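Residue numbers (numbering that gives the first Met the number 0), protein chains in the order written: chain A, 0 to 470; chain B, 0 to 470; chain C, 0 to 103; chain D, 0 to 103.
Source of the hints: derived by calculation from the structure; they are not laboratory data.
The model shown is predicted, which means the values in this text are computed figures rather than measured ones.
Backbone N, C-alpha and C fix where the C-beta goes; we use that ideal spot for every residue, glycine too.
A portion of the hints provided could be inaccurate.
Stated by the list, open to error - From chain D, some residues computed to sit far from chain A (all C-beta separations above 12 Å):
| # | residue |
| --- | --- |
| 1 | Glu5 |
| 2 | Ala54 |
| 3 | Thr61 |
| 4 | Arg90 |
To be verified - Distance condition first, Cα-Cα at most 25 Å in a straight line; then the derived SDA-like pairs of lysine to any residue:
| # | chain 1 | residue 1 | chain 2 | residue 2 |
| --- | --- | --- | --- | --- |
| 5 | B | Lys338 | B | Thr86 |
| 6 | D | Lys87 | B | Pro78 |
| 7 | C | Lys87 | A | Asp368 |
| 8 | A | Lys120 | B | Pro78 |
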Amino acid sequence: MIAAISGRDAAITLIYLLAAACFILALKWLSHPTTARRGVLAGEIGMGAALVATLFNARIVEFQWIAIALVLGSALGVPLGLLVPMTAVPQRTALSHAFGALAAGLVGTAEFYLNKPDIEKTTMVALGLEVVLGFLTFTGSLMAAGKLQGIVRDRPWVYKGQNLVNLAILGSALVMVGLLVADPSRTVFFPIIILGSLVFGVMLVIRIGGADMPTVISLLNSYAGLSAAMMGFVLNNKLLIIAGALDGSSGLLLSIIMCRAMNRSFANVLFGGFGAEEARAGEVEQRPVRSVGPEETAMILDASRLVIVVPGYGMAAAQAQHKVRELSDLLMRRGIQVKFAIHPVAGRMPGHMNVLLAEANVPYDQLFDLDAVNPEFPLAEVVLVVGANDVVNPAARTDTASPIYGMPILDVDKAQSVIVVKRSMRSGFAGIDNELFYLEKTQMLFGDAKSILGEVVDELSRMPAKEGVSR
Amino acid sequence: MIAAISGRDAAITLIYLLAAACFILALKWLSHPTTARRGVLAGEIGMGAALVATLFNARIVEFQWIAIALVLGSALGVPLGLLVPMTAVPQRTALSHAFGALAAGLVGTAEFYLNKPDIEKTTMVALGLEVVLGFLTFTGSLMAAGKLQGIVRDRPWVYKGQNLVNLAILGSALVMVGLLVADPSRTVFFPIIILGSLVFGVMLVIRIGGADMPTVISLLNSYAGLSAAMMGFVLNNKLLIIAGALDGSSGLLLSIIMCRAMNRSFANVLFGGFGAEEARAGEVEQRPVRSVGPEETAMILDASRLVIVVPGYGMAAAQAQHKVRELSDLLMRRGIQVKFAIHPVAGRMPGHMNVLLAEANVPYDQLFDLDAVNPEFPLAEVVLVVGANDVVNPAARTDTASPIYGMPILDVDKAQSVIVVKRSMRSGFAGIDNELFYLEKTQMLFGDAKSILGEVVDELSRMPAKEGVSR
Amino acid sequence: MTRNLEVSLYIFVLASFIGYQVITRVPGLLHTPLMSLTNALSAISLVGSLILAGAREGSMTTMLGSVAVFASMTNVVSGFLITDRMLKMFRRREAPKKPGVTPQ
Amino acid sequence: MTRNLEVSLYIFVLASFIGYQVITRVPGLLHTPLMSLTNALSAISLVGSLILAGAREGSMTTMLGSVAVFASMTNVVSGFLITDRMLKMFRRREAPKKPGVTPQ
Ligand SMILES: NC(=O)c1ccc[n+]([C@@H]2O[C@H](COP(=O)([O-])OP(=O)(O)OC[C@H]3O[C@@H](n4cnc5c(N)ncnc54)[C@H](OP(=O)(O)O)[C@@H]3O)[C@@H](O)[C@H]2O)c1
Ligand SMILES: NC(=O)c1ccc[n+]([C@@H]2O[C@H](COP(=O)([O-])OP(=O)(O)OC[C@H]3O[C@@H](n4cnc5c(N)ncnc54)[C@H](OP(=O)(O)O)[C@@H]3O)[C@@H](O)[C@H]2O)c1
Numbered sequence: 000m001i002a003a004i005s006g007r008d009a010a011i012t013l014i015y016l017l018a019a020a021c022f023i024l025a026l027k028w029l030s031h032p033t034t035a036r037r038g039v040l041a042g043e044i045g046m047g048a049a050l051v052a053t054l055f056n057a058r059i060v061e062f063q064w065i066a067i068a069l070v071l072g073s074a075l076g077v078p079l080g081l082l083v084p085m086t087a088v089p090q091r092t093a094l095s096h097a098f099g100a101l102a103a104g105l106v107g108t109a110e111f112y113l114n115k116p117d118i119e120k121t122t123m124v125a126l127g128l129e130v131v132l133g134f135l136t137f138t139g140s141l142m143a144a145g146k147l148q149g150i151v152r153d154r155p156w157v158y159k160g161q162n163l164v165n166l167a168i169l170g171s172a173l174v175m176v177g178l179l180v181a182d183p184s185r186t187v188f189f190p191i192i193i194l195g196s197l198v199f200g201v202m203l204v205i206r207i208g209g210a211d212m213p214t215v216i217s218l219l220n221s222y223a224g225l226s227a228a229m230m231g232f233v234l235n236n237k238l239l240i241i242a243g244a245l246d247g248s249s250g251l252l253l254s255i256i257m258c259r260a261m262n263r264s265f266a267n268v269l270f271g272g273f274g275a276e277e278a279r280a281g282e283v284e285q286r287p288v289r290s291v292g293p294e295e296t297a298m299i300l301d302a303s304r305l306v307i308v309v310p311g312y313g314m315a316a317a318q319a320q321h322k323v324r325e326l327s328d329l330l331m332r333r334g335i336q337v338k339f340a341i342h343p344v345a346g347r348m349p350g351h352m353n354v355l356l357a358e359a360n361v362p363y364d365q366l367f368d369l370d371a372v373n374p375e376f377p378l379a380e381v382v383l384v385v386g387a388n389d390v391v392n393p394a395a396r397t398d399t400a401s402p403i404y405g406m407p408i409l410d411v412d413k414a415q416s417v418i419v420v421k422r423s424m425r426s427g428f429a430g431i432d433n434e435l436f437y438l439e440k441t442q443m444l445f446g447d448a449k450s451i452l453g454e455v456v457d458e459l460s461r462m463p464a465k466e467g468v469s470r
Numbered sequence: 000m001i002a003a004i005s006g007r008d009a010a011i012t013l014i015y016l017l018a019a020a021c022f023i024l025a026l027k028w029l030s031h032p033t034t035a036r037r038g039v040l041a042g043e044i045g046m047g048a049a050l051v052a053t054l055f056n057a058r059i060v061e062f063q064w065i066a067i068a069l070v071l072g073s074a075l076g077v078p079l080g081l082l083v084p085m086t087a088v089p090q091r092t093a094l095s096h097a098f099g100a101l102a103a104g105l106v107g108t109a110e111f112y113l114n115k116p117d118i119e120k121t122t123m124v125a126l127g128l129e130v131v132l133g134f135l136t137f138t139g140s141l142m143a144a145g146k147l148q149g150i151v152r153d154r155p156w157v158y159k160g161q162n163l164v165n166l167a168i169l170g171s172a173l174v175m176v177g178l179l180v181a182d183p184s185r186t187v188f189f190p191i192i193i194l195g196s197l198v199f200g201v202m203l204v205i206r207i208g209g210a211d212m213p214t215v216i217s218l219l220n221s222y223a224g225l226s227a228a229m230m231g232f233v234l235n236n237k238l239l240i241i242a243g244a245l246d247g248s249s250g251l252l253l254s255i256i257m258c259r260a261m262n263r264s265f266a267n268v269l270f271g272g273f274g275a276e277e278a279r280a281g282e283v284e285q286r287p288v289r290s291v292g293p294e295e296t297a298m299i300l301d302a303s304r305l306v307i308v309v310p311g312y313g314m315a316a317a318q319a320q321h322k323v324r325e326l327s328d329l330l331m332r333r334g335i336q337v338k339f340a341i342h343p344v345a346g347r348m349p350g351h352m353n354v355l356l357a358e359a360n361v362p363y364d365q366l367f368d369l370d371a372v373n374p375e376f377p378l379a380e381v382v383l384v385v386g387a388n389d390v391v392n393p394a395a396r397t398d399t400a401s402p403i404y405g406m407p408i409l410d411v412d413k414a415q416s417v418i419v420v421k422r423s424m425r426s427g428f429a430g431i432d433n434e435l436f437y438l439e440k441t442q443m444l445f446g447d448a449k450s451i452l453g454e455v456v457d458e459l460s461r462m463p464a465k466e467g468v469s470r
Numbered sequence: 000m001t002r003n004l005e006v007s008l009y010i011f012v013l014a015s016f017i018g019y020q021v022i023t024r025v026p027g028l029l030h031t032p033l034m035s036l037t038n039a040l041s042a043i044s045l046v047g048s049l050i051l052a053g054a055r056e057g058s059m060t061t062m063l064g065s066v067a068v069f070a071s072m073t074n075v076v077s078g079f080l081i082t083d084r085m086l087k088m089f090r091r092r093e094a095p096k097k098p099g100v101t102p103q
Numbered sequence: 000m001t002r003n004l005e006v007s008l009y010i011f012v013l014a015s016f017i018g019y020q021v022i023t024r025v026p027g028l029l030h031t032p033l034m035s036l037t038n039a040l041s042a043i044s045l046v047g048s049l050i051l052a053g054a055r056e057g058s059m060t061t062m063l064g065s066v067a068v069f070a071s072m073t074n075v076v077s078g079f080l081i082t083d084r085m086l087k088m089f090r091r092r093e094a095p096k097k098p099g100v101t102p103q
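Pulled out of the complex, with its shape left as it was, chain A reads as follows (with noise of 0.2 Å):
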């Protein structure tokens, strides 16, 4: 079958073949830090070319639409990317997904208006998948953002027989894109599958805790990804299927690492409820621990070689990231060797606290991971503790009964000792209490992260400096 192309179509295909290189690039340049920003370059070119490259296509005809939706689109996309604040990126995130399944889910309805009734099977069953993939992750998605931003109510929305409901909706629209491939011409089911996977995308994320959003968002842009993908099947154009086995490859590949991590299953996070949990342990029972002030806890890192910092999701929450930035910076022109101990999930998303680290200007290479930095608790005199707690609970080790048992930790218990910045005795995200805190090593700088922090930090300044400290 040699079907041959205008030169043009040729020039656009090949263009096409750039793109997609570019952005596998992309992906691998983002390998390491110092290569990541020629990665965005690479992606920036890709994109760019296949934009020119479109518009030469024969069938664009009238011009004023696009323009305007490019200019638009611009206008907001600007501010979305530029004023954003790291910590509300897990929302944009979200947000974004919603954009391009909402994208990917209208592009398939028009294709599906215009080529009905004659509709090749196998395409319409992509056309189908495409439909449903993004009209759910677009409400999915929304839902998340809300969630996290806090427009929607948090605490997740449980009912009995609720997975039942929704496996309905989900079955019987994924029943009606069925019908649709025996027969394209059965047009009016089609508003109802897009109405079905609105809702189911609804329900879907209004069951889940805004503390499993992270999971769900990845999970979410697999699917996006997926449906992007189903759109190039449709128009069978490689560059979109490329973009779209990229993007969702990797958003799977980031949920697993993230339920690893949580050392928990998909089902468990979709159905699980986990949030509710959260809820309900809110409150822990009383017992005795030993508190510590702003004054004390200087010394006592004053007097340290090695001190090792964990933050969590309390710094996020505080935004304590600069003055955590500043304590180390002052510690260390004291001599006093500064480590940062990252664990995956710490934080609500994956690399959570290297950014905001990163934000706050803390050199990478003074942060390590969990395999790199367990190993030195014991040498160190102080660990201190900036908001975390669920992975610093040693019952993930121990108590078999935990929700986070198996999920692997760093050894802060290990530490000679250990100083705990949070403002009361309250659980964590997994909402269950933490021995850590009763320890005799351990002490408790109660108050929240970000003022308490710029207390020690004042104290410290105000101390003589030490004499002969070089670093």
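Keeping the supplied structure of chain A fixed, place chains B, C and D with the ligands upon it in accordance with the hints.
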């Protein structure tokens, strides 16, 4: 362009896709010894499936020739696979490149005569490349195999203006491909192209010394792969394209690795006539060296805590790997730690030493590569160099004039003492003298590696066991 | 089954392999930028929507297409911008020696 | 330029990427088996030659095809056999504790 295909073809297509996936997994699983054999299995499954599926292709109407060819092929393949000794692996590899390339060339030829004169331009380009690469790789690989096996004389055959002649041959072949692209009816050119390619293959390799063959072989490997990929372009068979691309990139990467490790450029390998120097510098002027006997060697080894063994081409030539294994076992049972330092280009092909030692049943976690072992040399009381020369030549660090200057080497000269096993003061592959042999701390144990190490083993086993030794 | 589907399947499988390979090599350090970058890339669905928005094949198609273009374009712009913004912040040891340096 | 060429180019580029990715992950320890395995795999050109050998399209085609089948099949069989033979030899620490164990 909705070109529907029959159910059978669809099935075949899907099986090919599965085969492609198997091939990729095969290489992926080769990334670790524990999964490597699973990789081979995956490859076999993919190959088997593809073979069977192809037999169902509608174009195939008579089977007797296929049957005969398959039987004969297997009949030759089994001995080639099972009986070839490990030391002859380089030749075998070269030979199989020749076979693969031949197949590609023949298929290309047949396709040309079947479809002429109306062959689509781009197809003709692919076909031309397939044929040229195929046939030049065929003869080139045969030459290489011959040289390594000692059938063809190893000494490179060099004359003035050789490169010009070679380029002329290749050039004219390519020009004629161009003419055929312009007008495929000029069939007269085709045989000339074949002839030119065959000749060029011979010419290319005839001027290269046997020791450089491994690099050339890898390069030919990538040609063979490329040629197979081109066949895929011609038959638009995606499985072929994928397999070819995998083979091609592996060949290319390996040759790059070798060139890097030798700190040489492709050009230097292909046109440098490196082997010639080898010949020239065969004999080196005599300078005093300390030599040592088997008995004393045994005692020195027995007196040390950490012994690092550095195997080289000499071990392969002498088939001494089993003796080396015995020696290391003896030493370990006498409570002495034994490590093997493997240079990336020790021997005559990538991974040569690893295979030989594995054959001798040395566990691979006892083998350490350059970066891992170099820091350890200062800690070793004795380094036992078994038939290695260039890869331990300090000139690579110091002497800018040396042909191996800049090649990363094993820092044997940093050890506390060195024993070198070789037959004479003759130089190695690079044909240069080795300062290491004249150092204060170095002693030469002259003799054929296998026999002389055998004596050392006997000496050691005769020694009384030490008290209180445990590993 | 059509040739197109065959081709699409091959592309999809190969691309997924690549995705798996490259993304498993991205360190945890960069997982957040990874999210936003892949996000921007998958907004390539732009190419699909552009054609619909410009194809003058009924006002509905144009409308759906235009909205899709708008949505995708938003992702393209914001995605690349925020990714680069994050990556700019990642620094080696040198920088913070002199404290108080604000992220550029 | 034909659709076929377009497709082939995509496949080739993607496959090369994959090749680069997976092969850079193969340790030096296994470079010799790598050579022989990729060798066996590229003998998939078998599928091309089989068709020619069986297509009854002139004796020359049949002959060329058959020879090609023979050559490829040799590589398939020998390639897989020798690779597996090599890999069988690679052992972890345990084995050689009791010396004199001959490679199975
Ligand atoms: N990173 C991810 O991708 C991801 C995704 C999904 C789920 N998760 C889950 O999130 C959890 C992360 O663990 P984590 O240890 O980082 O956090 P955590 O277990 O949620 O604990 C955070 C702690 O910070 C304290 N805190 C909150 N606001 C604070 C403020 N303003 N100042 C000081 N302290 C404050 C809280 O105690 P007080 O209220 O007493 O102050 C709380 O105990 C893990 O369970 C993980 O499984 C992570
Ligand atoms: N591995 C690869 O992929 C590859 C590819 C291309 C080129 N090369 C080149 O090959 C060289 C490898 O270095 P190498 O140090 O392993 O080997 P080498 O430099 O070639 O030296 C081998 C030494 O072994 C000795 N020898 C030979 N037969 C022996 C026997 N039966 N018993 C004892 N000793 C014997 C020889 O000295 P006597 O004659 O005095 O015994 C010779 O000096 C490098 O220059 C590398 O660049 C390697």
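Check: Going by Cβ atoms, does D/Arg90 stay more than 12 Å from chain A at every point?
Finding: holds (27 Å)
Check: Was D/Thr61 rightly flagged as not at the interface, with every chain A Cβ beyond 12 Å?
Finding: holds (25 Å)
Margin query: Check whether the Cα positions of C/Lys87 and A/Asp368 lie no farther apart than 25 Å.
Written below: holds (21 Å)
Notebook entry, point to check: Does B/Pro78 lie within 25 Å of A/Lys120 when you go C-alpha to C-alpha?
Noted result: violated (50 Å)
Next item on the list: Beyond 12 Å from every chain A Cβ: check whether that's true for D/Ala54.
Entry: D/Ala54 is indeed farther than 12 Å from all Cβ atoms of chain A, at 18 Å.
Check: Hey, D/Lys87 versus B/Pro78, does the alpha-carbon distance stay inside 25 Å?
Finding: Answer holds: D/Lys87 to B/Pro78 is near 17 Å, not above 25 Å.
Margin query: Tell me if the straight-line CA distance from B/Lys338 to B/Thr86 falls inside 25 Å.
Written below: The hint holds at about 22 Å.
Next item on the list: Examine each Cβ of chain A, and state whether all of them lie more than 12 Å from the Cβ of D/Glu5.
Entry: At roughly 5 Å from the nearest Cβ of chain A, D/Glu5 sits no farther out than 12 Å, so the non-interface label is violated.
In the structure shown, a violation is registered for the earlier hints numbered 1 and 8, in ascending order.
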